[in-house]
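A.B. asks: Sequence:
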Amino acid sequence: MRTRDHGKPHRLLAAASFLMAAFASVGVAHAQGKDVPAGSIYTCTDAQGRTLTADRPIPACNDREQRELSPSGLTRRKIEPTYSAREMAEREDRAREAAVQAAKATDERRRERALLVRYPSPASHDRERNEALSQVDAVIQAAQKRIAELGEDRKKIDEELEFYKKDTSKAPGAMRRKLEDNTQSMAVQHRFIAEQEEEKKRVNARFDEERARLKPLWGPAPSAAAAAAASR
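With mature numbering (1 follows the signal peptide of the UniProt record, and there is no 0) applied, the sequence shown corresponds to residues -31 to -1, 1 to 201, in that order.
Simulated from the structure, these hints should not be mistaken for laboratory data.
From the three backbone atoms N, C-alpha and C, an ideal C-beta is built for every residue, glycine too.
Cβ-Cβ distance ranges computed for the label pairs, FRET-style:
| # | residue 1 | residue 2 | range |
| --- | --- | --- | --- |
| 1 | K169 | A83 | 21 to 27 Å |
| 2 | K184 | S9 | 55 to 61 Å |
| 3 | R63 | D95 | 39 to 45 Å |
| 4 | A68 | R46 | 22 to 28 Å |
| 5 | P91 | T137 | 54 to 60 Å |
| 6 | E77 | R146 | 56 to 62 Å |
| 7 | R182 | A58 | 32 to 38 Å |
| 8 | W187 | T22 | 53 to 59 Å |
| 9 | S9 | R78 | 42 to 48 Å |
| 10 | E179 | S9 | 55 to 61 Å |
| 11 | K125 | E167 | 29 to 35 Å |
| 12 | Y133 | V108 | 35 to 41 Å |
| 13 | T22 | R78 | 43 to 49 Å |
| 14 | R79 | Q153 | 47 to 53 Å |
Make a model of the complete structure from these sequences and hints.
C.D. replies: The structure is reproduced here in structure tokens:
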């Protein structure tokens, strides 16, 4: 007759519990291994300037860059700081501003290159300045000529009004209109000349500003001896 082993179920249950615990330990170890590579060394410089090292990411350096090193000391990767929402927004604002400034600098360099192509030498820049001013002077001369013509017309009108000089209101309407038209036309021409004088100032200011930008791009001017040798 066989004897039953009443302790066998308890031994099987204990063995099963041991195996489950073992598998759970392996799973935890595997999960940790995925986050922290075996043999990694983490290093950073904290807010006090101390160099810290550990076998896992260093909480004291969450706000600054950390490096993950291999056992031989080679950098495996750099770990970026962990930013708060406000810090991230500020960081993005700074990045946007830096991008805007970089775009402005690129655009400025592009304009400088275009300016240098247009004016490869001081002489070419002076030549175009003089041409621009000459065009304005030509317009002024035309206005001055018109003023001279109006002056001659005014003399004739004054001669016609000689009889009414004591009281021009008694002069014929057509004669008075000629006087008014002449006076208004003269004023228009004088205003036009004043505007053209302001235009000359703007032209000179523009060329002065260009000259200041071009001067460093042209480089140092050649010496008198070098210029003489180049002209031979």
